[in-house]
Amino acid sequence: MATGELNPNHYQAQRAAKVVEHYLNTRYGSPYRLLGLHRVHSGNAEDVEDSGRKYQLEISVQEIISNTTEKCSAEVLFPRGGQQRSPQVQASCEELLKINTTAQEEALYQQYKMTQSLLSAHNLPDSYGHIDPDMKPFWHLCIVASSFIMLNESSENTLYNMAQVANITQLATENHQLTFDCHVLLHEMVSQEIIHWKLLFTWSPPEGVKVQQMEQLPHCHDCEKPPNTN
Amino acid sequence: MLNRLRCTGLLSKVICLERNSATGTAALVSAAGADSIVRVRKNKKMEKSTIGFFVLVLTIVQISNSLVEGLESTQIYDYTKYHPMDEFGLQNPEGKEKKVIWMDCGIHAREWIAPAFCQWFVKEIVTSYKTNKKLEQMLQNLDVYVTPVINVDGYMYTWVNTNTRIWRKSRSTPPSGNSCLGVDLNRNFNANWGTVGVSFDSCANTYCGKEAGSEPEATAVMDFVGKMVKKTLCFLTIHSAGQLILLPYGHPQISAPNYDELVSVGKAAAAEMKKLHGMGYTVGTSPQILYPNSGSSRDWARLVGIPFSYTFELRDKGEFSFLLPEDQIKPACEEAYAGALSIITYVHDKAFNSGAIPSAAVSGVAMVMLSSFMVVFLTTGVLL
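Line by line, the protein sequences give chains G and U. Every letter in the first sequence is one number past the one before it in UniProt numbering, and letter 124, counting from 1, is 124. Every letter in the second sequence is one number past the one before it in UniProt numbering, and letter 126, counting from 1, is 126.
Treat each hint with caution, since some may be false.
What the hints assert, rightly or not - Taking lysine-lysine pairs in the DSSO-like style, the calculated list, with each CA pair at most 30 Å apart, reads:
(1) U/Lys330 / U/Lys275
(2) U/Lys317 / G/Lys210
(3) G/Lys136 / G/Lys71
(4) U/Lys267 / U/Lys130
(5) G/Lys198 / U/Lys317
(6) U/Lys267 / G/Lys136
(7) U/Lys317 / G/Lys71
(8) U/Lys130 / U/Lys317
Just so you know, the hints here were simulated from the structure itself, not pulled from any lab data. Values in this document were obtained by computation on a predicted structure and should not be read as measured data.
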């Protein structure tokens with residue numbers, strides 16, 4: 001494993017930076033704010049005794065919806081040891097928070113809090129990469145919720161993206177939180193596998209996304225239907 | 001019974017491929033509202049050349065009537081029959097030593113932008129040579145082979161429904177004792193096979209098969225290209241996603257002797273690609289910028305001696321991955337074309353040491369050029 005200064009375009013820095021993207025989405029993501037890794041400017045890796053490997057990164061992060069970019073510094077610690085633990089991330093991209101999404105979030109919240117019929121959608125995007133504009137905020141929400149899983153599951157040997165929302169179902173609002181059940185397909189680049197996860201999460205403008213339950217679904221090699229379909 | 005394959009809507013009139021499961025051949029037919037396959041033929045002089053295996057030559061790109069005017073004749077083929085190469089009028093009136101450019105798409109079934117790009121590439125070449133003198137000149141010296149879909153079975157499977165859309169491998173029956181279908185064709189080529197970046201579990205997405213070249217799709221390429229290695233200038237294999245230009249080799253400890261040149265030519269291509277829509281493509285070996293792997297078509301091509309061999313990983317960088325939205329097809333193809341053309345121009349100029357434009361009459365040049373452009377659909381009886 002490379003130690004010291006890293007080539008910012010090479011896989012080590014890129015994979016660590018992707019972890020930062022997942023972390024930032026868990027912290028700042030919303031139906032109207034979605035963060036993507038734009039570039040890695042520099043990276044440095046070192047072994048930390050008894051802890052693991054620590055990466056220091058200078059990256060640019062893009063807020064995808066408003067298409068604004070910000071430079072951030074971040075640190076990622078991939079733990080070593082018997083017990084499989086998630087990476088620890090420290091990053092601040094304060095400028096991104098200044099993108100005002102309050103009005104849109106509040107409008108969405110009110111619309112779906114009051115609705116008699118609960119939201120249900122599937123295949124976001126569909127096979128042609130298409131997402132209905134009305135469904136895009138829920139696609140974003142599932143990406144944010146998936147980011148909790150992707151962050152947990154990441155290591156120096158993985159690169160995760162959410163490939164598709166198989167389905168999302170709104171459940172009854174509880175404690176002023178919109179509640180959703182979401183079945184997502186995650187793509188892991190190194191193994192090229194598609195991994196199915198089911199998530200139960202809540203969202204409101206003040207609270208953000210909170211994942212209540214997550215469950216990996218069994219690998220189904222030759223499925224005509226996704227596993228555990230209703 | 002004809003099994004209709006759905007048609008991608010890249011152009012307004014599309015060619016649809018139908019598979020005749022009874023005879024095991026692929027038939028190209030016209031669909032309602034679409035013109036049929038048009039093969040452009042200049043004159044009847046044939047070169048004697050036959051091939052030892054089943055090659056179905058087709059033009060996926062629809063050439064509408066207005067584009068066809070000025071060309072001598074067109075021929076609609078009955079693709080329920082085998083057609084030897086010489087029937088397609090390979091032209092070489094001066095007996096010039098023509099060099100070869102190879103491009104393949106669709107090794108991985110779910111990477112839909114790749115077959116779309118091969119179609120785009122053909123369309124672009126055929127429609128722009130008249131106004132592009134440099135291209136005109138290059139096509140006098142080059143035979144360009146384009147295979148739009150290597151992994152036919154896998155590709156057809158991804159069209160079945162949204163659950164099959166994410167399939168990557170071929171659809172071959174596993175050897176006994178193994179439970180899952182399909183092999184990762186880009187791990188099956190005879191190039192350090194089975195060494196890194198593979199799984200020996202038939203259920204895994206990087207399953208490399210029971211041995212190198214166990215898969216007919218891979219052997220079809222190796223046999224066909226293998227016969228023209230000495231005159232092949234470059235080998236381009238198109239995938240998605242990631243926005244990368246990968247050079248050989250996939251093994252972290254093996255380096256190509258012309259590594260520096262591969263990098264500089266790759267970087268020049270990436271620069272051309274970025275000019276169009278601002279998209280960045282990273283250049284490097286797979287172990288550097290992606291992951292180690294073995295048994296790839298790119299590595300095989302370089303190992304057998306084709307000096308320039310690249311994997312293009314097209315859009316995007318993870319937002320949609322291989323579910324790339326249709327409104328990105330055109331820009332993705334435009335930038336990929338710029339990159340491919342940059343490499344093709346470089347290898348052409350290197351081989352022919354030229355920059356001069358010939359002064360042949362345009363129509364004469366056109367005759368030679370068109371017939372030197374073939375779209376090759378490789379398959380075997382086993383596949384269909």
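Q) Taken at face value, is the distance from the CA of U/Lys275 to the CA of U/Lys330 at most 30 Å? A) 15 Å, holds
Q. Holds or violated: U/Lys317 with G/Lys71, Cα cutoff 30 Å?
A. Answer holds: U/Lys317 to G/Lys71 is near 18 Å, not above 30 Å.
Q: Could you grab the alpha-carbon distance between U/Lys130 and U/Lys317 and see if it respects the 30 Å cut-off?
A: 35 Å, violated
Q) U/Lys317 and G/Lys210: Cα distance at most 30 Å? A) 26 Å, holds
Q | U/Lys267 paired with U/Lys130 [C-alpha distance capped at 30 Å] | A | 28 Å, holds
Q | Holds or violated: G/Lys136 to G/Lys71, with C-alpha atoms at most 30 Å apart | A | 26 Å, holds
Q | Given pair status - G/Lys136, U/Lys267, alpha carbons within 30 Å | A | 36 Å, violated
Q | Pairwise hint evaluation, U/Lys317 against G/Lys198, where the allowed Cα distance is 30 Å at most | A | 24 Å, holds
The structure fails hints 6, 8 (numbered hints given earlier, in ascending order).
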